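Participant: Residues per chain, in single letters:
Protein chains: 4
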Amino acid sequence: MQRWRHTVYAIVEGGQRGYPPGRAFDLFLVTVILVNVTAIVLGTVEDLPAFWHGLFSHIEVVAVGAFTVEYVLRLWVALEDPRRIYRHPVIARLRYALTPLAIIDVVAILPFYLHLLSVPIDPSVAVLLRALRLFKLLRFTGAFDLVGEVLRNERQPLLAAAAVVSVALLMVSTLAYMAEHEAQPDKFGSIPAAMYWGIVTLSTVGYGDLTPITPWGGALTGFPVVLGVLCFALPAGIMASGFIEELRRRDFMVTWHLVAKVPLFQRLSAARIATVASILKPVRIEAGAQVVRKGDAADAVYFILTGALEVETPNGPVVLGTGEFFGERALLDSGRRSATITARTNCDLLMLQAADFRHLLESSPDLEAEIRRIAAERGAKSRQAGAESPASA
Amino acid sequence: MQRWRHTVYAIVEGGQRGYPPGRAFDLFLVTVILVNVTAIVLGTVEDLPAFWHGLFSHIEVVAVGAFTVEYVLRLWVALEDPRRIYRHPVIARLRYALTPLAIIDVVAILPFYLHLLSVPIDPSVAVLLRALRLFKLLRFTGAFDLVGEVLRNERQPLLAAAAVVSVALLMVSTLAYMAEHEAQPDKFGSIPAAMYWGIVTLSTVGYGDLTPITPWGGALTGFPVVLGVLCFALPAGIMASGFIEELRRRDFMVTWHLVAKVPLFQRLSAARIATVASILKPVRIEAGAQVVRKGDAADAVYFILTGALEVETPNGPVVLGTGEFFGERALLDSGRRSATITARTNCDLLMLQAADFRHLLESSPDLEAEIRRIAAERGAKSRQAGAESPASA
Amino acid sequence: MQRWRHTVYAIVEGGQRGYPPGRAFDLFLVTVILVNVTAIVLGTVEDLPAFWHGLFSHIEVVAVGAFTVEYVLRLWVALEDPRRIYRHPVIARLRYALTPLAIIDVVAILPFYLHLLSVPIDPSVAVLLRALRLFKLLRFTGAFDLVGEVLRNERQPLLAAAAVVSVALLMVSTLAYMAEHEAQPDKFGSIPAAMYWGIVTLSTVGYGDLTPITPWGGALTGFPVVLGVLCFALPAGIMASGFIEELRRRDFMVTWHLVAKVPLFQRLSAARIATVASILKPVRIEAGAQVVRKGDAADAVYFILTGALEVETPNGPVVLGTGEFFGERALLDSGRRSATITARTNCDLLMLQAADFRHLLESSPDLEAEIRRIAAERGAKSRQAGAESPASA
Amino acid sequence: MQRWRHTVYAIVEGGQRGYPPGRAFDLFLVTVILVNVTAIVLGTVEDLPAFWHGLFSHIEVVAVGAFTVEYVLRLWVALEDPRRIYRHPVIARLRYALTPLAIIDVVAILPFYLHLLSVPIDPSVAVLLRALRLFKLLRFTGAFDLVGEVLRNERQPLLAAAAVVSVALLMVSTLAYMAEHEAQPDKFGSIPAAMYWGIVTLSTVGYGDLTPITPWGGALTGFPVVLGVLCFALPAGIMASGFIEELRRRDFMVTWHLVAKVPLFQRLSAARIATVASILKPVRIEAGAQVVRKGDAADAVYFILTGALEVETPNGPVVLGTGEFFGERALLDSGRRSATITARTNCDLLMLQAADFRHLLESSPDLEAEIRRIAAERGAKSRQAGAESPASA
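Protein chains in written order, with the numbering used here: chain A, 292 to 684; chain X, 292 to 684; chain C, 292 to 684; chain B, 292 to 684.
One or more hints might be untrue.
One copy or two, it doesn't matter: identical chains are merged, so the pair holds either way.
[Claimed, not checked] Pairs of lysine-lysine, DSBU-like flavour, derived with a Cα cap of 35 Å:
hint: 1; residue 1: 478; residue 2: 552
hint: 2; residue 1: 572; residue 2: 478
hint: 3; residue 1: 572; residue 2: 552
hint: 4; residue 1: 585; residue 2: 552
hint: 5; residue 1: 585; residue 2: 478
Everything labelled a hint here was simulated from the structure, so no lab data went into it.
These figures come from a predicted structure and were not determined experimentally.
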């Protein structure tokens, strides 16, 4: 039972981590979501021939079936989450069921079951709830986590910007109400009505259904509106910059995991690995350029971020790709490069210079001892295997 | 009397600094402001039942009462402001009364008292002045200071951008006036009228109430308008980037205050603390990772920006949170870590490497002597207390 | 004669460099420009009473007089420009007369003289040429140079973005023409007409005078328009980022000039000063904090970017402001601070740490020798004067 | 034959690399494209006199002729591409023919030949295909590669943003459909119709042909639309920042190539050159400033990014420009500057300090030996030539 659960967990949650059956599972669900949401959207077009509406009903049944199975599976394997805090299986599952994504999963299939149970539900509301299924997509692209993280990180500036925007909106709307409510009582008859105009204007949508007609109102569209438009640009700027910064932070985590995979560094603590990751220097190499040459002094180790490189070995070329590294010998002794390595494509590498690394070692003799020991072990293993990995160039 | 004043000052001005009674006071006022402004906004909707308009009047009375008390309190405790320059109580209070926020506070409650005194006041103007109460919100979010600081910092680029925008606006409007004033004398009859079109167009609001109809006017909406739109994007870009930069500067101040709180650094001068703050390296640790391990060489001290960490002590886990630090022993001797510390949540830490710190000490022997002395004192105190803080891991 | 010319040159061109009579001259001209342009703009409002139109005519005469005198003066003193290349006075002046700003100066006053000489000129064109006077403003704010520099620096990305935008515009317009030219032959009858729609849409102005009405046209406003809007956002982003970068570069020049003013550095070459400027660390000090304390080791020199600081001297406090520096003694010997210096306002300082500076000296023994010599000279001078500047704290 | 092919390859593909006959070839084609596309665009204006339409036909014939020749030439010389992978000439050419730019080249001239062969083709489609010729422009500005590279680099964030935008669009459109489809069944009758409104609104185009009229719909234009507009700003921000970052990366490649051209560095591996390039410090020098002075210690080598400098030599001034470097002697011995070098214009230089360089050498004794050897060779050559290049100042 528990073994089964573990396997299902790997499939259901492993797609993002690149586990192939997990990716197939994700791909299947993404397809169902896209087809189903398209059917829901087109289902509101009443002139379509009855054939299509029939098809859409069938798609709905299949999709709700798939989503129900998915939900039950996720609930079942919630116990396998290594980050779970509560040990009791019921509490752990309840906790999962209360996460935002799990709630959306339930709410999005609810209209179908309510309809089955003949519970009356407003068709408009049903459409809205069913459309929520698109949110499930965000789980698979990682965008849900990403946006959540950005909102959390930029909480303070966004709140400050929201306060500025609210004040700007109220001030501009009140001014418009003052100027226009006598000339256009049907359009600017109250501040809430003027606020509709304010939002449409300050967001620069500018439908033109409400426009100032008095000279005062026209003049008003000048200075304060320009200021208001500036204020409305603030949250967009903050969101965009927060988004980009969070993506850079994730790039750093990728680097971190890359470093953590190197045998030499595997036993280091998280912070120590972060230090190593932060002294890596990004290097971009053009396709065709030689990164290391046989016989050169080995003075740096390289981690491959993107691109492919070719190692010239006596047994023909060996290709290294994203996530691999080469030249680690440089960190242990000042030997010579044993092979020439050429960039096949434009490559982004991270270079750890031996000198920087030695500088780091000086400040922590412990790390040095550990590395000497690991290196000795590794050398012994290497001699045992009678071969040398191309990564030791 | 003076003790009372000091207590009231702590409550009235201490919310931003996290003093709990001050936060309660702020929360109360924020609630009153939001309820009151909502009532003012809805009060302009004339079709609402009389019950609501009655309720709004009551809210107004309560809110004005609260704001009046608040204003009097702030005026009273203005003497406690540690940054005040003038010693004479009347001058110090007058000076406070003339700050922009204090003026807004008075102006926003003025219509109520003028009405009470039967001074005739235009109802539109009264609504506008009352709506100013929303500005009070900015005091509590810190957004008022923030925007002011950004405007001050980016003064020069904003002025340059404003000059560029003005010239672009006048040129585009004059061209539109030339092209259209014969075809549409009612809409483009003068340059000021064309400038209304210019602002609506260049800010990309684009209502569509004024549009070019002549071929020349249409062609005009091409090249110069595109250039003009580019120019209008400048101030928004400057504001957004200034906003983000100011927030980063404030993050630095948070770091600075974090460092200033460490006993070792408390007696350093402001500039020396800034130096320490600037050599701190940001490190992001994922939930579950070990930051330091018992028995490792202690080679860095960590300051917690966000997140929680758990120290494994013989008496069970101890949790460290934002603003705390650990591992400071590393700066004094090259001892071993006495406990393992694990990240409970994703954490942002600032790491001060012993090597960097020693490098700093080399250039200022004074600082070293001071630290040796403080460390000796602290060690003695620690031995006296017979215990060791978890922060000394 | 030449002495007079030199004095006039200092007044006419010295405003930007802070020479007081030059600033008065600039202020006078800026006032004339603003008043005159306002008069030109309002002069197109035909309903204004005759009095105003009369006033505007008088303003025009005075303004053209002032601008003519200004132009002649600038032409006369063009010989004094230290950067001029041609020695012959006529050629040097001709060269000045052909700079963009000088051409605008002539063109902007031309309509007046043409009218005087009874040369017929279209009144619309005359208004346009007169409105060009606003461009003169850009000379005084430095915005003209700034925008020119940004366009020059970002030439390549802007050209690439312009190519992308043109292709996007043509493609979207051609698609709209295909979809709509049969349904709306009056609005989308040709590609040029559709391009008017394309510009209005892709710049997000969106008047709404031309909108797609066919289902294909509606669908078209979807994907390609969203892509097109993205492309149109490129040049705005490039301009804004180029603007901010250029302003940062100018900040560096301010630092450079600040460093170049320090007696110790005055004889260094430009590149050497740039090196010193680049190792300065920005430090922000809050009002009230002590930057250096009497008796501390003098280990850094500070340059004041913004804000004011107070030196406690036996003769009372001395205030230091923007552009001044203190603590330079730290670069010469490792003496003690002779006074405590406190920040009066929030200050942005640049700190040059003695250690960094010594590191720089190690790599260029020449610089060290030069500094020793200057320091010796300066010490002698200081002893002669019998006083020590507060900047030597 | 092969020699001819090589020459033609140099002309056809060498324009971007600055080969003069290649630039002439590019200029000719760019002119033909611009004239031809203008003719195509104006050709859709039906009221133009017959003369023009005749002229446009002639332009079409000439242009298609030129493009056909260009296509055949490019296909012929595809074998010369040094990056080609397949050796077989037919496969190599087929591979070229299937690149996006080559496909566009064919498709854009197809309508002409189809018309010649009397194959019926919809005139609208023909116009669209012919308008594709503008895409050819992107080849010459490098913008095609640039946009492709940005899309590739920012793939992940753009996908995440696209998911967020799609969800926001569907949610806002569904809400609008719910609120408005009863009040305005002709405009908001289905979700696809509401999505047209959603795109027009969230991209802030805001035509105003569809606007909410119910109170609920109006309220809706508030909160979710503001959020949606924020989401729509994400991809624009990512594109702009990716564009700027890619341009910076290309600047780094320019630096890299600049460094790679220095004789001293020519034999280094790509990664080693990248290291040298990354320790270069940008320095901006104002026109007229002295960069090095005769007799100073030679402690840095300078690479010229932009601007011109003047070397004072006994034989009169020698001018150095973009791509040149000076002061390389500083890397070999600590000699004295042999000439004063002054900036003629504002210059952007890259400075390689001798100290940084020596620091680099310490960590790779190999590099040092190589440099000593090259320096010895170069010195011998210099003595042979009996002259010294001004770049050795």
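Participant: Between the shortest in-copy and the shortest cross-copy C-alpha distance, which are at most 35 Å for residue 585 and residue 552: within, between, both, or neither?
Facilitator: Intra 25 Å, inter 22 Å, cutoff 35 Å: intra and inter.
Participant: With identical chains, the pair residue 585 and residue 478 could be close in the same copy or across copies; at 35 Å between alpha carbons, which is it: within, between, both, or neither?
Facilitator: For residue 585 and residue 478, the Cα distance exceeds 35 Å both inside one copy (79 Å) and across copies (69 Å).
Participant: For the identical chains here, do residue 478 and residue 552 meet the 35 Å Cα criterion within one copy, between copies, both, or neither?
Facilitator: Intra 65 Å, inter 57 Å, cutoff 35 Å: neither.
Participant: Is it within, between, both or neither when you check residue 572 against residue 552 at 35 Å Cα-Cα?
Facilitator: both (18 Å within a copy, 22 Å between copies)
Participant: How would you classify residue 572 and residue 478 at a CA-CA limit of 35 Å: within, between, both, or neither?
Facilitator: neither (60 Å within a copy, 56 Å between copies)
Consistency note: the structure conflicts with the earlier hints numbered 1, 2, 5.
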